[in-house]
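As given, the protein sequences belong to chains A and B, one line each in that order. Heads up: the first sequence at position 62 corresponds to 62 in full-length UniProt numbering, and the numbers run straight through without jumps. Heads up: the second sequence at position 573 corresponds to 573 in full-length UniProt numbering, and the numbers run straight through without jumps.
Derived lysine-lysine pairs resembling BS3-like cross-links, with alpha carbons at most 30 Å apart:
1. B/Lys231 with B/Lys146
2. B/Lys549 with A/Lys27
3. B/Lys603 with B/Lys576
4. A/Lys27 with B/Lys538
5. B/Lys553 with A/Lys77
6. B/Lys553 with B/Lys454
7. B/Lys702 with A/Lys77
8. A/Lys10 with B/Lys702
9. A/Lys27 with B/Lys603
10. A/Lys77 with B/Lys549
11. B/Lys553 with A/Lys42
12. A/Lys10 with B/Lys553
13. A/Lys125 with B/Lys702
14. B/Lys549 with A/Lys42
15. B/Lys553 with A/Lys27
16. B/Lys1066 with B/Lys1046
17. B/Lys576 with A/Lys27
18. B/Lys538 with B/Lys553
19. B/Lys454 with A/Lys27
20. A/Lys10 with B/Lys549
21. B/Lys743 with A/Lys10
Partial chain A-side listing against chain B, Cβ under 7 Å, derived:
22. Asn12
23. Leu26
24. Tyr30
25. His33
26. Glu65
27. Ser87
Calculated from the structure, these hints are not laboratory results. We treat Cβ as the ideally placed atom computed from N, Cα and C, and that holds for glycine.
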Amino acid sequence: MAVCIAVIAKENYPLYIRSVPSQNELKFHYTVHTSLDVVEEKVSAVGKSIGDQRELYLGLLYPTEDYKVYGYVTNSKVKFVIVVDSSNTSLRDNEIRSMFRKLHNSFTDVMCNPFYNPGDPIQSKAFNGIVSGMMVQTG
Amino acid sequence: MTQRLRTSGRRSGDAGPTDSTELLREALPNNKAPLGCYFHGVLPLKHMESQEEKPVIYTMENKPIVTCAGDQGLFTSLYTSLAQQLPREPMEWRRTYGRAPKMIHLEANFVQFKEELLPKEGNKALLTFPFLHIYWTDCCDTETYKSSVKEDMMRWQNTLRSHSSADWVIIVVESNETKKKNKPNILPRSSIVDKIRSDFCNKQNDRCVVLSDPLKDSSRSLESWNALLLKLRTLLLMSFTKNLGRFEDDMRTLREKRTQPGWSFCEYFMVQEELAFVFEMLQQFEDALVQYDELDALFTQYVLNFGAGDTANWLGSFCAPVRNWSGLLLRRPIDMEKRDSIQRGEASLLDLRSYLFSRQCTLLIFLQRPWEVTQRALELLHNCVQELRLLEVSVIDGALDCWVFLSCLEVLHRIEGCCDPAQLAANCSHTVGLWAYATDKLKCLGELCGLVSKNGPTSEDLNRTVDLLAGLGDERPETVNSLQSPYKKLKEALSSVEAFERHYLELSHAAMEMYQAIGRLRSARLVGKSLAEFYMRKGDPVRAEPFMKEALKSYESEGWRLPVTHTRRQIAECQKLLGRTEDYLRTSALLAGDVNLSTEERKHFCQEILSFAGRSGNPSHKVSLCMNVFAQLTRLQFRPATASVHSGAVLQVELTLRCLMPVPVCIQQLAASIHFDVDHGGTHGRSKGATRQTNQGTIEFKPGTSSAGPNSSTTAGPTLEMDEIQDRSPSDNSLSSVGVVCKNTHLIIRRRENGSPPETPNCVSPPTVAMKEGGQMLKVQNVKLEPGNNSITFTAPSGQPGTYTLRQLCATVGEVQFVLSPIYPSVRYEVYSQEPQLTVEPLSEPLLAGMPQLVKFTLLTGHYTVKKGDALQLSNTETMPILPSSSCTARISSPDAELVGESTLSIQSSEKVTSISLPPTLPYQVLEFQLEVLCIIPSGSERPANERLTNGEVRHRPRSYSHPDTPMTAIDQRMSIDCPWSIYSTLLALTFYIPFKTKHSLLSSGNRKYIQVCVQNVSDMNFTLTDMKLTEKQHSSLELQSLNTKTNQLLCSKHSVFCLWEVRWKDDLPSCLQCVFSANFCPLNQDASAFKPFHYQFQLERVTTLYSVRAEILPPPGEQHCRSGLVCGLEVCITRLTEPSEGEIAEDSKTDTDGLKNAKLMYEVADSSSNWAVCGKSSGMVLMPLKANATHKVQIEVMPLFAGHLPFPKIKVLKYLPHNAAAAIQPDPGKVPLRVKMIFFFFLLFSSFTCRIFVSISLISAAPLRLFTASFCVFSSCRPQTAV
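Just chain A, same shape as in the assembly (with noise of 0.2 Å):
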């Protein structure tokens, strides 16, 4: 399960930012964040070649010495990050996929609601739920 799951917007300015609270808050922003880089290095990489039948999923961004951060990037440039616990080693590629996909799933309902404005903050609390479900459960 997740230790941190961040949407980040199109402009690279953090949508939504959640970690476990147990932890460090700003050291996951910041991974976050750098991962960003390497996000940014694999869509552009992918951008050159046929682009058509792009895998939305990024795998595995980099991994630190406690975490692992996966990303995923939507057609329309959101980036999704998650970070796992390095020592969770139960967790599968394929976990990790449909774990990106439920999220890409609610944020396209997040997208749906007519009173959302793209790019503000998203608070919806189907979304929140959703994140809760895929984070650690601490204490």
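Keeping the supplied structure of chain A fixed, place chain B upon it in accordance with the hints.
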């Protein structure tokens, strides 16, 4: 590359045997030596280790072993070419388990056959496994064969069979020489081979190969060589497949036992590695790598299972405390020390991982995949750290950091060693992770060992350092001599503060540069920020600041609030140390208002500002800070809401400031500077101001837009333009659907490419601001701003007319100014000055003439103050008198329609002028009062008779005209008013409408004359008409007798009233009558006092009757009655009644040729209703003498077409115009029998109107013949009377 690697490896290692023949020769005396040379230490052959002095490590020099038995001399002679030619052609190796076939170049190490070489039962060693056994013979002599060779072969075969080795081949070498030599007792060559085959190769004929003339250069020789080589390769591969397959099966079986107690990973490791070695020997590096990866995965799984609570006994050795952290060792293909320790089961987790990785690394480099090495290295390092944690292995602090640091550098060195600099530079992205990781770890170590602090390491730190260094052990022999080994670096870095700094900076900069080179700017900045933190801990804020600012800029531009806050707090610390007061205050202000900080911290920063502000410094120098971080202008409200006042009026501006500070702040002065524009159109300011401030004088400042100025307005996007649509069904037009559409979706939905993050409060770097002095100011002194919303009210100056724009807002706290500049969206108010304005308008539309009507006077005083005694002077006109009224009150109201006062007006009328005294009124107020006026209806025909000719406007008289919108005739009534504020008269016009239309007509019956007047009500009101009178002005003898019965007549809207008078005269009827119709009218249901007179003047001319016409229809002769279809006679008798008048004679005189005055008359009989057929001549001309009683009779034949009561045919008598000859009309005569005899009288009247028309037409027209006109009037009493 592989080749290069091999040679380079060889260079640094000891000298392994390079020449196989040499080796072979060496090998021959000692059967152990050749293997020993190759497999020193690699093989689990314990007996060999004793002979070793130094491990030999170049396993890739190994080749599969092929033993040679039989004639050694023969083999030696052929060895060179065999060893050379065997690997020349690749062979396809078909694999088991569905693995893809491979092309493989086979090499072999040919050794003399010994029984010891054959593997004993249970020996799993693969590297020393002889894959093929060859028996060489050149025997061509049956005797020799039988005597010795066969026996030898037999023994060989038995040995092999006893070891169940089936991979053998017998090579028979034949040459012509041997053949020749043995010619006498010759046997066919084939017979030896056949013999061997029959003796040894039952069913396996291919196990015996013939090599012909191997040393000759003939095609036959070549062919047989090729055949031999192919055979050897095939057999070798078969052997590989079989033996490796068996080995793999055994290995798998062993692996399946892993859940059994007593299973040892280390044992299994050795077995599988054996397979890897063989693959490596066969140069199948990929397959070799797979073996190691499988081992890796297996081990990883065990560790994970351990973490999940499933422990394996053997794992215990890996959980031993880490005592050595010397890092990876990648310079040797095989790290024998570690391999031994694994074999002994004494390896620590780090040892095992290190060994595995070093093997993987070696193979990957053979595979020319150095970048995979770096990637795997990073994963490995992370993984090891995790695994140690998972296994709860005790490690002293910093040991792992040392291990990781050394390992990172080792990997980097290894990669650098096999790539050229250009390649390295191009693949920074693969290495940069290691660099960053190493940097990070070194920093950790530095902190741990007290090398980062300002004061240097403490004794405790030093102890720790010693412990750490002890765990590194001695430097490895490979790197002892190199200057830049990771070992040396680490030792040096930990030795002193300076050395640490040097190494740390070197690494940091390398990592940053690499990140920048590959475009990972965020990562580079993060490293930079970490460097800045290092500098800060070293007490060097000067060098720290640029890195922090760089990082902050990046976070700000991308809108990451938490990193912004964190970095900003670090910067604040830095700036404080640097003594940059202004910058520090600016940052403090931002932090004080930052909701991401705790209240305590915010209070601290707020206090920093306030304490600076309270300091008595140089008053001339004030620090200006951006207001947005301090307080936000959220709302601005004008009172009055129109934001537009006349000069001198009171205008209040209420600001709502949301103070972001955590504590209340006292502000000495809050000022808003104003820019003043003289508005040239200021007199019309009201309307302009109203349109500009659309939202009722309240301007809401959105948090984002107020700060960044006009450029951020793009984020708001265009407003929606909505439209309603209705879909109606085409058949019955019923509504089937309604909706709302947005018309400018293309603008709204358009993707905005220039996206920048929305400005969250703390992510905006405030622009530097300066308060501009001068100009007008709105000021408030000593305000206390509470956290949250505060309301502050200013009174705005409104002296001069013009536009006032609020430019800056400035809050002063001691030495600190908070400036908001510019205020956006721009806020302005207007002060206008207005000229007095007087308007007069009807109270109700339309104004009707002839009745008292109320008109409203509205006076906008503008800048003029109405003083006591000021009066409006209205010039009186006759046509519109102002009716005096006793109680006329004036209302005075303010511009926003609030009643200020009421007072009675005094109106004084003199002959020329009506004077209205105005009550005193203040400027910019509205004065309203009503006056009653009466527009007198002009009597119709008082206009001169020649009006149509002059066609000019009558002076001083209101002109009446027909209005297009209404059937009523309109009169524009001008008013001239002299106002006290102007020397010019104000001219105003009111439009009145005449409610009636009047027509008159003259009717004749024989000698009698009647005058009919028709009054039509064209207005929308109902009237009562009374006292209708008709008078004649000139002729007193004339008597007009009213035939009207009612005196009061209701005249409804759109209806008419007809009045009739009979004219009676005594002597002569005057030819011209001047008549006046008069009546009183009033709106229905009003009392008699409201009656107003109505006059209508008209003139009647040529009233007298000139001719009488009498007609008679006679039955045809002999008939008593007129019958239908029979022609009857119509006798028309025209009689002149009066003597000719003067004018008449003059008119007609020209036409006469003789002396007698005649008038030419034309008659015409026509029946339009098809009752009669006029037969023969229907029209003609008669000459009538101009004297009384002259008579003319005309006979015309007419035929009635029907039986019954028939009206007479129409007889027209016309005055003939003499200009041209008349074209005779000759209608066909018809015959009508008429059974009815009737006598009628026709009166021909030339009324004044008809005459005039007649004349006028004759004057204008050039074709006079058909221009007749006449009026006939048939009285009811003159209806045809019938006698049957």
